[in-house]
Amino acid sequence: MIKHLLSVNQLSREDVTRILDTAESFREVGTRVIKKVPALRGRTVVNLFYENSTRTRISFELAAKRLSADVINFTASGSSVSKGESLKDTALTLEAMGADAIVIRHSSSGAAHTLARFISGSVLNAGDGTHEHPTQALLDLYTIREKLGRIEGLRTVIVGDVMHSRVARSLTFSLARMGAEVTLVGPPTLIPPDAPSWGAAVTYDLDEVLPKADVCYMLRVQRERQRRQYFPSVREYSRLFGLSRDRVAALPEHAMIMHPGPMNRGVEIASDVADLPQSVITEQVTNGIAVRMSLLYLMLGGAASGEAA
Amino acid sequence: MKFLLKGARVVDPASGRDESADVLVEDGLVGDGSAAGASEIDCGGLVLAPGLVDLHTHLREPGREDKETVESGTRAAALGGFTAVSAMANTDPVADSLAVIQEVQLLAERAGACDVFPVAAITKALEGESLVEIGELAAGGVRMFSDDGHCVQQARVLRMALEYSKAFDAVIAEHAEEASLAEGSQMHEGYHSSVLGLAGNPAASEEIIVARDLMLAKLTGGRLHVCHLSSAGSVNLVRRAKAEGVSVTAEVTPHHLALVDEDLSGYDTNLKVNPPIRSVEDRDALQAGLADGTIDAVATDHAPHAVEDKEQEFDQAPPGTIGLETALAVILTDLVKPGLISLERALEALSVAPARILRAEDHGGPIEPGRPANLMAFDPDAEWLVEAPFASKSRNSAFLGRTLTGKVMHTILRGELIVHEGKLQA
Chain P
1 MIKHLLSVNQ LSREDVTRIL DTAESFREVG TRVIKKVPAL RGRTVVNLFY
51 ENSTRTRISF ELAAKRLSAD VINFTASGSS VSKGESLKDT ALTLEAMGAD
101 AIVIRHSSSG AAHTLARFIS GSVLNAGDGT HEHPTQALLD LYTIREKLGR
151 IEGLRTVIVG DVMHSRVARS LTFSLARMGA EVTLVGPPTL IPPDAPSWGA
201 AVTYDLDEVL PKADVCYMLR VQRERQRRQY FPSVREYSRL FGLSRDRVAA
251 LPEHAMIMHP GPMNRGVEIA SDVADLPQSV ITEQVTNGIA VRMSLLYLML
301 GGAASGEAA
Chain X
1 MKFLLKGARV VDPASGRDES ADVLVEDGLV GDGSAAGASE IDCGGLVLAP
51 GLVDLHTHLR EPGREDKETV ESGTRAAALG GFTAVSAMAN TDPVADSLAV
101 IQEVQLLAER AGACDVFPVA AITKALEGES LVEIGELAAG GVRMFSDDGH
151 CVQQARVLRM ALEYSKAFDA VIAEHAEEAS LAEGSQMHEG YHSSVLGLAG
201 NPAASEEIIV ARDLMLAKLT GGRLHVCHLS SAGSVNLVRR AKAEGVSVTA
251 EVTPHHLALV DEDLSGYDTN LKVNPPIRSV EDRDALQAGL ADGTIDAVAT
301 DHAPHAVEDK EQEFDQAPPG TIGLETALAV ILTDLVKPGL ISLERALEAL
351 SVAPARILRA EDHGGPIEPG RPANLMAFDP DAEWLVEAPF ASKSRNSAFL
401 GRTLTGKVMH TILRGELIVH EGKLQA
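Protein sequences appear in the order of chains P and X. In terms of our numbering, the first sequence opens at residue 1 and continues consecutively. In terms of our numbering, the second sequence opens at residue 1 and continues consecutively.
I should point out that these hints are in silico values taken from the structure, not numbers from a laboratory. By construction, the Cβ of each residue, glycine as well, lies at the ideal position given by its N, Cα and C atoms. Heads up, a few of these hints could be off.
Computed from the model, here is a short list of chain P residues facing chain X with C-beta under 7 Å [to be verified]: (1) S12; (2) S108; (3) S109; (4) A201.
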């Protein structure tokens, strides 16, 4: 297994399948009364979060704890970072304290790569700037496979601010790797001109692609993009690229509606759509723990120290 | 002091000479008298050429002496075969007054490692608003004016600079970058920036300004120099303007000639430079532009930065690579060796052309009796690994870890051996 998880592009098709299969076996742990296995007992996992995050940090924390690892949560605010400590010095300090793995969330693209150059333990990218969010993509693949039984050959549509979305990058690269068709939809200002070279199709017309979609994945769009003129108004964005009730009606019955959270209800997704049965947004969250358990277990060599589940 | 440089291949682009010969250095000049009593320096297997001239060096002094000083920077230059450098104005304080220019001149004189031609800013404090006292500064020895690091955003200000400077035969050197398109950018905008999630700097950001400035040069008849060309479109614009007779010269850096945006895939901040390293097509066009003379000169844009500044997250690291100690070897390795340009053209672009642009009459050859002995000799076949430490105070080289071919052995400034056998003297 890989030492660091910096980008989904490091993962072969076989790697992804193995991660999802292992997650499958960990999924059951979360349903037990005692939600814990001893696989990573004695190992230390540090959550190093330079950006605010609720679901990803808690998900990683629960994943590590359910594997019996010791978990340290380190947030930039209220720490040595706010005193001006560099990423390098913070990394060296954490390593000196015996961290076996560092989970990093950072607003700078490439921060996980930078961290990996400084330390000898494993680095897991929990979202770096507008680059990637590999564990989000893997939990999305898990959720898709669980619901639809496969990934290969599915028609997936990813809608919104692709340009600034680390989720869109990781998801597009990994879906393409697993043999799914990916179509990116959004205003031309928010789709990188080179996105077709990612292995995805691009269209600016959401209504054209919905009737054949197996998965409709809505990305969060920040209101500040409008201030930077990426689109003229939130109203126009919502009308052209928001998932409304009418648009849901155009989707095939079996189609899944996904969102990485946090949602802007009323902007990229209508409030009542988010709560429809086709929407798997809360399942995504649940599956995130199992997928992160799987990754920590495989990357920290848990197989050597005990049974998976 | 009198010595004979013996048995070198003398390549002197200014005179078109390329032959095996001995060169006598006497009293700071190239001599033509008897070599009797002269000590001999064996230059067998070496190429002897005019000392190199860099149009674009950041010496950082005054202000950031932790990154570089006039002394450390000029020593790095000498080690790279340079006998003259043009020191950019974006120091702290900015070189927008005679006081700062004179300080740099004095420091250079004291260091004595290579000649320094201080560049003055075009506008006060590099703010792009009001012109510096071009006349007084020109009288104080300034030949080039540049807001480098910033681009003069207002067309009217640049027009006035080009027009006014005609009275002093000064050259206006532009860092071409349309600010609103480049704002926040981290690398060249293209496939690789899209995959890396780094904000892109489109080639159009440079080309818009190059096109505008060429029109202003045409309008005014002023001397325009375009710094560090980075895109194929810019090369085409300069080529067309030259064909129309516009008074323009252009430079390109070794890193833009040798590297491409894909090389940034590991987020190595030493490859973060401004303008950014662009696509394969852009690199190829820059190489072709240098070969056909559209681009006059190779300039390093030597930009030292502290280790702690570069060892940061990519978007927080400052742009720039050091270049004085690797420039010749990169050109030899990546352009001359593969046959993209001749050795003579390489040396012309590294010495004759920049000396002409700077009006540095003592530099760039020809290597003839009576001329100042500003010379360098290098081993064209020696291979060496680029690694710290450098003579520069900084070590942010985009070429760290690469093996290059071509090593400077001797650098001679007005008859004095500054570098001997590849080592700085004293």
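The hints, checked one at a time:
no.: 1; hint: S12; in the structure: 18 Å, violated
no.: 2; hint: S108; in the structure: 4 Å, holds
no.: 3; hint: S109; in the structure: 4 Å, holds
no.: 4; hint: A201; in the structure: 15 Å, violated
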